[in-house]
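Visitor: Listed here are the chains, written in short residue letters.
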Amino acid sequence: MSSAVLPGPAARRTGGRAGKRLAAMASPLVQAIVVTLLVMVITFFLIRTLLGDPAVVLIGGNTGASPQRIAALRAELGLDKPLPAQFLDYVAGLLHGDLGNSFQHPTTTVASVVVNGAGVTFALVGVVLLISCVVGIGVGLLAAGGDWPVFDNIIRVFSLIGLAAPGALIGLVLILTAALGGRLFPAGGWGSGYPDNFQYLILPAVTVSFWLTPIILRAVRERAGEVLHEPFAESAAARGMSRTRLMLRHVAPNCAGPVLAIIGVSLSYLISGAVIVEIVYGLPGIGRAMTTAVGSLDFPVIQGIVLLTGAVVVVLNLIIEIATRVIDPRAAR
Amino acid sequence: MTAVVEPPTPAAMPRPASSRRRRTPNLRAERLVGLTIVVGLALAFIIVPLVSPVSSSDIGAMPLAPPSARHLFGTDQLGRDIFVRTFEAGRIDLGLILVSIAVAAFGGALLGLVAAYLPAVGRAVISRITDATMAFPYIVLVIALAAALGNRELIPGLPRGAAAISIAIMIACWPPYTRLTMSRAIVLRQRDSVVAARVLGYGPMRVLFRHIGPALVSTNLSYAATQAVATTALVGSLAFLGVGIAPPTPELGRMMADSIALLPIAWWVPIIPGLVVLVLGIGFALMADSAGGRNSR
Amino acid sequence: SPSVGSNAVSDEITIADHAIPQSLDPMSSASYETTQLTFLWGGYLTNYADGKDSGSPQLARSVTASPDGLTWTVKLRSGLKFSDGSALTSKDVVASLDRILSTPNVAGDNFIGPVMSSIKKVTAPDGHTVSLAMSRPYPGLPAALSTPEMVILPASGIAKGDSFWKHPVSAGRFKLDTLDTTNGKFTLSANPNYYDTAPRRIKKINFVAVTDAATRLAQLKSGQVDYADNIPGNLLSQVKSPLTLDTAKWNGGQMGLSVNFNDPVAGDKRVRQAISLAVNRQQIAASALGGERVGRPLYGIPWNQDNDSPNAKATKRDIGAAKAKLKGTKCENGCTIPLVTVTDSAWQVPLVAQVVQQQLKAIGIRLEIENTPFTQVGDRLKQGDWGLFTRWIGYYENTRTYLGGYIYGDPTSGNNANFWGTLPTTPDMPGLKALSDRLKTASSSAAPGLVEKINEEYAKELPSIPLTTLSYVGVSRFPGNVIHSVGASYLVLP
Amino acid sequence: MTALLDVRDINVTIARTKVLTDVSLALDSGEALGIIGETGSGKTMTLRAITGLLSSIGGRIESGAIHVDGRDVTREPLRSRQRTLRGIVSMVPQASMSSLDPLQRIGSQVREALQLNRRTRATDDDVRHALEAVRLTPTETLLRSRPHELSGGMRQRVVIALALASEPRLLLADEPTTALDASVRSSVLNLFTGLRIERQLGLVIVSHDINAIASATDRVVVMHQGRVVETGRTAEVLRSPRDPYTQMLVGALPERTPRGYYLLARRGSEDERAATDGGYVPVPARAVPTGNVPAVEARRLHFSYGDRQVLHDIHVRVRAGERLGIVGESGSGKSTLARLLTGVLPSDQVTVDGRPWRRFGGRQPERHEVQLILQDPFASLTETQTALASVEEACRTVQRLPRRAAHGRALELLEAVGLTGDLVHRRPGRLSGGQCQRVSIARALAANPSILVADEPTSALDLSVQAGIVNLLLTLTTRRPLGLVVVSHDLAVISHLSDTIVVMERGRIVEAGPTEQVLFRPEHPYTRQLVSANPWLAPNAAPGPDAAPGPDAAPGPDADRPTGTRTLERTDAKP
Ligand SMILES: Nc1ncnc2c1ncn2[C@@H]1O[C@H](COP(=O)(O)OP(=O)(O)OP(=O)(O)O)[C@@H](O)[C@H]1O
Ligand SMILES: Nc1ncnc2c1ncn2[C@@H]1O[C@H](COP(=O)(O)OP(=O)(O)OP(=O)(O)O)[C@@H](O)[C@H]1O
Ligand SMILES: [Mg+2]
Ligand SMILES: [Mg+2]
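Protein chains in written order, with my numbering: chain A, 1 to 333; chain B, 1001 to 1297; chain C, 2001 to 2494; chain D, 3001 to 3575.
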């Protein structure tokens, strides 16, 4: 259709502009809540239908406990009720902010397990995002902006390799080289306090960044290349704007959209990648908590973890969406 | 949720020639390289185990023998020939990835296509389910499915354990296709070509599958290639979680996972399967790149 | 952390194992992690340590049998205290033993099944004395009292039930301080109320879980941990000075294939015999275990893991004979047998399973390996639709006497497919049963001869198919005599 | 005094393809130079060569020289050239839509541009002055707006303000008016002319809009396939072009051809009948429908998108054999009306043969009676289908022809629109715009419609291609009794293709009547403004037998006023 189908300025000023904007912001919020609820419901029913009987595993399937003892434990865990009733109990608990207690360690609250693990995992994810964004955006801009074909090609090859290499492999190679050969960083494990813990995060974060950085880098490079060829950038260059200024002022902000979009789409993959790497490096994140929980059929913990990661993904996506709209109001259409 | 923002390109003005033409010749070469890698590896995966005198599970030599004329890639910790194992494993992995992604892509795209024509409510429902699946940490799904299905032989003839991985990949992979297809189809639905088709009185099915669907094939294909990269790496990492295909069927990820500890004493055992995963991934990545997907996830 | 290779042991050490215990209760879990920890914090009537003097008194001042062997009397030391400061009396001992006796199926299921099935009643005549009434003589009782399950717990704690195990208390050399199950980190410190007041160097232990063996080894090399447990054989060539192998720990038990006698294929004796003939045990050792193994693969159960057992001859591979055995069986023209395997307990198991799988192809038997998590394997076995199971029997000290009943479990338990050790019983092995019954009451001088007989009979009946002995190796940053272990899980610390 | 700009015999190649051959042009301060030519003729490349932007797309100046203000900048690399040219040359790029950073506010973009040159902080007043200079009222809202919140005209002015920020002496404008409305277009051109006079600015305007060039430049350069084929004073070149290509170009202007005649189209590729040398060819008498005449009718039509009403009380009716033109400014609802008439948008007030349109998907026998041709020739074809496949599909599904018959019919139809041979097996991506539009028409004809609705069928096309399509539509109406509704903002095109015209403004019909009357005796002010933007509109008069094509043959109202000053006195409407 014709290019001139643009809302006239007059049309925008009439009517409750603020109200509309609020409504536009609210609808993603509602969506996010719906999605989180869906994640919760799906998880609840999925694990209860897919996985086995926690009571048997808990008592120790290997010790051959009597059926009575198993039944008693089932009753204690509330597993004897019909599924819908269990679900209502769970939701009631959630409404009181109670995620329940672990089956495996009944005195431990799920919240503490999840928060504990999430602290590590999300610290890892945070560091990964930091590394990937700084390196990805920085190098991406350099590759697009600089006229260095050799550099560009090297970057391309590296990003291809990073993209295609399995994270666990990279992790272990890093452990064996950086940690052992160079003795730069601990080869795994976890410290007890925060500044200290960062050294344990470095290698795992680098490992995951190996995958995310190329994705961001390639997107930035591509988008920056496009933006550089957009008329506004060309005419700015022709007016005499320096390359650096052009890259920083105009190209970089225009790359924000794709980068945010990629981060949004990658989040759940990112968390999964972090989980694998955590296990390789022996970090006490949700990955460990989760494999243990799945192994011992600790339903409340599995549920808590999925709910938390799901919610985090959803909330981050919400933030990303709002950020995208703030950066680029056209996205709100 | 967030869509990649494209600047509105007015139809009245064809995109500047510069952006259309900029990199075409390069891309074709890349696609060719990518395709060659994938097809070449696929052929090797099929042929090498067939013509090889030793089978992948034969324990015929010293464990951890370095690469030699007899054992091109050396032997693994049980004394099996890594050359044959690698290629046979590649066959399983590649087959698994291709089939799972094809199913996910086809199913997801179909759902998206249908969703594009549903009333707003139906579309919202599908969108939310899509979002929920995307927010779901798929790794949980993989682990849970593997735990639930065990590695029983669900589908006769398929290596045991493959089904769990495959189902997990399918479930984890479909949503982007739905999203991509739906948003593109909604755009395409307004496109002049569809308007023209409707004016001609074509039925909704014809419009959907003849005039909208084909235009989405390349986008979805390029996304599938991108996803294949991620999935190749993922399948390669799953074994580290103790999830995977049952022996004696070799699998690249398991070959690495089982032997990574040997890196300092016998690098060839974990590195060679790792390299195959890497090269395969690069092949897919080149194809994805050149297929022109903007969305590089 | 201290620099690598410094031989000086500080008063705090870090031990890395491959997992954190699923449960701290040795009655619920017999994994290495659990028993290793239990031995550190648990108080025992008799001492497990240092091999040769196994069964010597610890919390007990003496353990003596009546001349007919039907009553045992345990005298406790005076002034014993649990690590929380409360007094340890004979009431606690009775409660601890009753707990074990009253746990369902233990008699048939556990390592201690034989001894437990011979104990009739435990009483406490006074605060320092415990009396055990036996249904039959059991000469190995002192040693049996040092097995992990026999940990002495406060009666008040036992009464609390499951919640006690959130933070268990006993009277061992150490006490549990923090139990961080989410982070996989336990800390222990010296128990101030330990009966033995001799000064010891190590005051604090960090027990961490590092799943990946290579990482464990890497952390050891970089000095993050002092002792790394369970290092696979094929990594051992990386262990170079100043690291030392805990060779005392090599003997990790024995691996064999348990048989589901109800399975139409594997239940057939001829098939089992054929399998045993078709297995190449040398190859298993060479390729699956990286050549790192003690002893030869032998028949039977712990006591014949002696390196010098005469039964080695029975283990030669003979494909022709194996095929001949298969004539007329369901496997004559090839067959498939489901093999249940645990992948997450010992690194050796999946590898051995794969080698055996390959070896059996030669006689047309296709093994279908089914990986099952450690926590679920018992349950899985009860389902019944399996043929063979890669059983791995951990190995306690070379105590010929006390495990006498081990070989042939109590048929009254009715459980012939359990995990822990009692071998399946079927009525058609009368010879084996008779011999086994005799062994239960045999004097220690008669036992070795009986054992040889049992082994012969065993080789014919093959209630389980022995494959190989296993290595279970720890690596230490210190010279071998500083930290080492006894059996697979009893750590001897300075 | 040296010329402000002197381009001499430059040859440019991009990736070994030669795109410019011996291009020369010169310009003095205060002078306006137009460059015209069809798409791909090298106009933009010429500008790129001057500004140094060639290298960014891999282009090179092989030979020749470019002097700007006496300095030789031919071989200067981009970066140092930017320094040299700062404050001397500025450029308004093609595609005003992406000529502003979409994310930055207008105020800051202008400020940045100002600071680039002076290296001191630009005050708010400076920013305001810069915007006022391009006749924008620098309200706070404007300063805080982002580009997408502005109308096309406003945006184009901001782009010009940016270009002027460095106080250049030479302004290069690439298609500055293409995307704009008739009224906005003339005000932007006026702005150029004003600035030129105020600042003694040298101005190069690239456009394929000959009317724009005619009104805003003194001299013109005509380019064809990377060569300059003609230069001269604008008025002279346009009045009596010497080069055959220029003749063709100017001749293809629909304004230049009297109604009732075929337009002059390029020889060879286009309709043979219409391309006879020199003279005009009359369009044969139209086929007259017989019997029951199908009709499409909108009666008391109101239409809203959501709560925004875009059409108010519309009455139109077209029958087979009738031709209706719909004109109006951008956004007035023309396309919406076209879509309503064809049943793409639902409304009970629109009837075909007395029955309202069914919703999409329902069976409707009269569905095929009304067909639609759309503006974007590429987008209106399914990109995965070849030309033949598109048309064949229509034959098979709409007319229910068996496979063989459909194939034959499709070939026939394609031939009827001038597509034969290898072309029919190509996909849209490998066809030119005009060819795509022909496929589109053939496909519409496959439905055997009685009424054809064409929404801006030529506005995406080059002049000569446009002439071909107009001729094709003219021919089609002679072959069968076809009703034609043509939607366009180009009065000249409409004048050829309609008997009746309705003029729309903001969703209402403000004027309607026979074409002659609306074009030459317009009543509504809006219609008048439209008509006045087309200086050469030809009345329905047969050319004399000896008449040569050109404005002389059909003098428009403003034909002999000096160019460049003509529209100056009109006050500028703020958009
Ligand atoms: N980036 C590029 N790479 C290679 N060739 C190009 C590139 N851009 C344009 N060309 C070619 O250069 C020639 C001149 O193009 P140019 O853009 O100057 O045309 P134009 O006259 O401005 O056309 P339009 O009216 O469509 O803007 C054309 O043949 C075109 O195909
Ligand atoms: N799908 C739509 N949803 C909402 N508003 C629309 C839609 N399409 C068009 N409009 C609005 O309806 C009005 C009429 O649009 P229409 O496309 O009919 O105008 P037009 O006369 O064809 O303009 P142009 O000459 O630019 O093509 C415009 O204000 C436009 O913004
Ligand atoms: Mg151009
Ligand atoms: Mg329109």
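Hints in this document: simulated from the structure, not taken from any laboratory.
It is possible that some hints are incorrect.
[Said to hold, decoys possible] Calculated pairs, BS3-like style, for lysine-lysine (alpha carbon to alpha carbon, straight line, at most 30 Å):
| # | chain 1 | residue 1 | chain 2 | residue 2 |
| --- | --- | --- | --- | --- |
| 1 | C | K2121 | A | K81 |
| 2 | C | K2166 | A | K81 |
| 3 | C | K2185 | C | K2121 |
| 4 | C | K2203 | C | K2185 |
| 5 | C | K2240 | C | K2269 |
[Claimed, not checked] Which bits of chain B does chain C cover? Going by a derived footprint, with three or more residues having C-beta under 8 Å, they are:
| # | segment |
| --- | --- |
| 6 | 1052-1059 |
| 7 | 1076-1083 |
| 8 | 1263-1271 |
None of the values given here were measured: they were computed from a predicted structure.
A virtual CB, placed ideally from N, CA and C, is assigned to each residue, including glycine.
Visitor: Verify the proposed pairing of K2166/C with K81/A, using a straight-line Cα cut of 30 Å.
Guide: Distance ~27 Å between K2166/C and K81/A Cα, so the pair holds.
Visitor: Would the pair K2240/C and K2269/C pass a check requiring their Cα atoms to be no farther apart than 30 Å?
Guide: violated, 46 Å
Visitor: Three or more residues of the segment 1052-1059 of chain B near chain C by CB distance under 8 Å?
Guide: As far as the segment 1052-1059 of chain B goes, the hint holds, because 3 residues have Cβ atoms under 8 Å from chain C.
Visitor: At a Cβ distance under 8 Å, does chain C reach at least three residues of the segment 1263-1271 of chain B?
Guide: holds (count 3)
Visitor: Below or equal to 30 Å on CA atoms is what counts here, so check K2121/C against K81/A.
Guide: The given pair, whose Cα atoms are some 40 Å apart, is violated under the 30 Å limit.
Visitor: Per the coverage rule (Cβ-Cβ under 8 Å, at least three residues), is the segment 1076-1083 of chain B covered by chain C?
Guide: holds (count 3)
Visitor: When you check the alpha-carbon spacing of K2203/C and K2185/C, does it fall within 30 Å?
Guide: This hinted pair holds, its Cα atoms lying about 17 Å apart.
Visitor: Is the Cα-Cα distance between K2185/C and K2121/C 30 Å or less?
Guide: violated, 39 Å
The earlier numbered hints that this structure contradicts are 1, 3 and 5.
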